[in-house]
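Student: Chains as they are written, first to last, in our numbering: chain F, 94 to 194; chain B, 4 to 669.
Calculated from the structure, these hints are not laboratory results. This one's a predicted model, so the numbers in the text were calculated from it and none came from an experiment. Ideal Cβ placement from N, Cα and C applies to all residues, glycine included. Among the hints, erroneous ones may be present.
Said to hold, decoys possible - Some chain F residues near chain B, calculated using beta-carbon distances under 10 angstroms: (1) L98; (2) K119; (3) R120; (4) A122; (5) L125; (6) R179; (7) T183; (8) V184; (9) F192.
Unchecked claim - Residues of chain F clear of chain B, computed beta-carbon distances all greater than 12 angstroms: (10) A97; (11) L117; (12) L138; (13) A167; (14) I175; (15) L182.
Next come the chains, spelled out residue by residue.
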Amino acid sequence: MEVALNWYLGLSAILFSIGTLGVLLKRNAIVLLMSVELMLNAVNLTLVALSQSMGDADGQLLVFFTIAVAAAEAAVGLAIVIAIFRRKLTVDITEINLFKF
Amino acid sequence: MSHDLLVRLILLLPLAGAVLLGVLPLFMPALRRREGLIGTIGTSVVVIPFAIATYLFVSYGGDPVTVSYFTWMEAAELSVDFAYRIDELSLIMTLIVTGVGGVIHLYSAGYMHGDPGFWRFFAYLNLFIFAMLNLVLANNLVVLFLGWEGVGLCSYLLIGFWYTDLKNSAAANKAFIVNRIGDFAFLMAMFLIFSELGSLSFDVLLTDAASVLSAETIDYIVLLLFIGATGKSAQIPLFVWLPDAMAGPTPVSALIHAATMVTSGLYLLARMSPIVLETEVVMMIIAVVGALTAIMAATIAITQNDIKKVLAYSTVSQLGYMFMAAGVGAFFVAIFHVLTHAFFKACLFLGSGSVIHSMEHVEHDLEHEGEDVSDFDPQDMRTMGNLQEYMPSTGWTYFIATLAISGIPLLAGFFSKDEILFKAFEYGYDGNTYAMFVWVVGVITAALTAFYMTRSYYLTFMGEERWPLADKIHPHESSWKMTVPLWILAGGSLVTGFLGLPAVIKDGKWNWIHHYLGANYGGPVAEASVSAHVPGSLEWGLIGLSSAIAVGVFFFARSMYLSQGIAFDVSLKERLGGLYELWEHKYRWDDFYDNVVVEALINQISRDGLAPFDSKIVDGAVNGLAGATQESSSLLRRIQTGVVQNYALALVFGVVLVIGLMIFGG
């Protein structure tokens, strides 16, 4: 039996909201990065679902790019977090406010 | 050869000299000590143009030749070419500038020997010659103005040549600032001519102006040009810079402040003579200002003890004579006097330079003997005397030039000065009363001139030696580089007068300069026409009168200063009292300018008016704007918390807002 498109979109919206709230509320920088991954994957889910329902492979193709970019972003992001940790011995995002005027 | 190339050479050789001597030693210090090389280059780039000008002079056919190299500026109706004009007037001026200039360059090679700024001096002198040639050869007022400003700049550079002495820099500033006033009037005249006539070229100006322009416009144009001329040519009220300009090296005084640059005002009036003649009012102003300047400067010269100051005031006085001639419509006579004056005044200045040079050696010797020389002034005539015995060449040439300027018959100054006085008399005889006044002042000034020049010669070269240790220390004659130019110029002072024999001889047929320059004979210089001619016997009488005055005053001053020396100055002072004091203080012109113009006018306005305006309103606006920016930014900067999540929140709100607008905004 075929799952209706609306279910996929609903799940994706829920995942995206969880990710957004994680970015806005969590204090641990690593969790922050994981939340960003969650948001990206919510979008990926939308793309795949719509691609399936419209019978067009373009959406699935785009997902591969998103995954590649997400991997690169995670690598850079984690590297920054490690660099900050070495210097400040903390990954609490509220403590890291170098741009405060 | 074509004129195109020759004029180019005349102009570009001095410029090349200036660039070569001014730039190369700047980067190659070893060159600075090569005085022989520098002197040779500097002198030859003036002498070669003299030779070319002589060729042009000899081969001149009688029709003005204009050469135009390129268009300098072009905007709407304004079009200015780099155009030059060869005619009788510019040829004579070019010959004076390059001829006398070349001689003075040779002299400078001797005079400036050993000076660390030798190369700089020759670079400036060559630049001056280039600017002066632009001035006299220009075919429009803009190129003339370029030269006019150029000579002003070189004058400034050379007055302040020994700039480590603050006094010299001050004199240079004074010359430059006073000249600016005149230059401003000149600029206004140019604007007026352009707006009324639409052209600044002499081709249009000299042929059409008199018929196209209204009488009132011409009045203003000529008045403004004359104010310009009073600055450059040191007339009342702008003459105050010239005596101070003697702070420069003596060859500069001879070249710029006696022979060439200061006569450019006269050249301007002679060039514009067809227009100047249209306005009787301004001609009267010119003549009266000239006459007053002449007698004022002559009376000051009597009281001066600095040998160069005497000559400086004498120059102002002689320039006054030239303006008298211009004011009675005898422009060719003014140029004639420019020519003769260039010779005898340059000779006098160079002679004084030779004297100063040897007195500096005396000062040096005195110091060597252990004397206190802090009060010794090598330019003060009171410490000289009997120099004729030690410096025969300098003495004789100075004597010849003294006789020439005094108006002793058959020397250069006699003919030109007498022609000025006669023209003034003739113009007055014709019914112009002011010319009679000018004539009377001119005759008195002639007597004063003979007096102060004779005084200067006898105080310097005759009588007893007045410097300390005179029996042990003796001055020496200068080198040939300095005496040869003196003899050349003295020769000119003897013979150039014969170029303009008075009208009474052969009915004026032998007045070469009149036939050469005069518009009546096809030349460029117009003159006033007179209907009532002075009878020949009366003219002979006038010549006799001025000869008698010159000779009489010469012998009077000679006997007084030979027998009494400087004591005669003291008795003169006692007899004249307050008048002598007024002369000694130069009619208090400098005090007037200091107290009234500089202090009361300029300083008051700037202190009480402009300074508060600047500090309150201008600074207030700038500071207020800065303060307001600072205040508002100190409020705004609080949103920069540095916490990533705050920024992310703003981002999310933004996205929600945009999506909301897309969905609900239609």
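Student: Against this structure, judge whether each hint is valid.
Tutor: Going down the list of hints, with the structure as the test:
no. : hint : result
1   : L98  : 19 angstroms, violated
2   : K119 : 9 angstroms, holds
3   : R120 : 8 angstroms, holds
4   : A122 : 9 angstroms, holds
5   : L125 : 8 angstroms, holds
6   : R179 : 19 angstroms, violated
7   : T183 : 14 angstroms, violated
8   : V184 : 12 angstroms, violated
9   : F192 : 4 angstroms, holds
10  : A97  : 22 angstroms, holds
11  : L117 : 6 angstroms, violated
12  : L138 : 19 angstroms, holds
13  : A167 : 16 angstroms, holds
14  : I175 : 17 angstroms, holds
15  : L182 : 18 angstroms, holds
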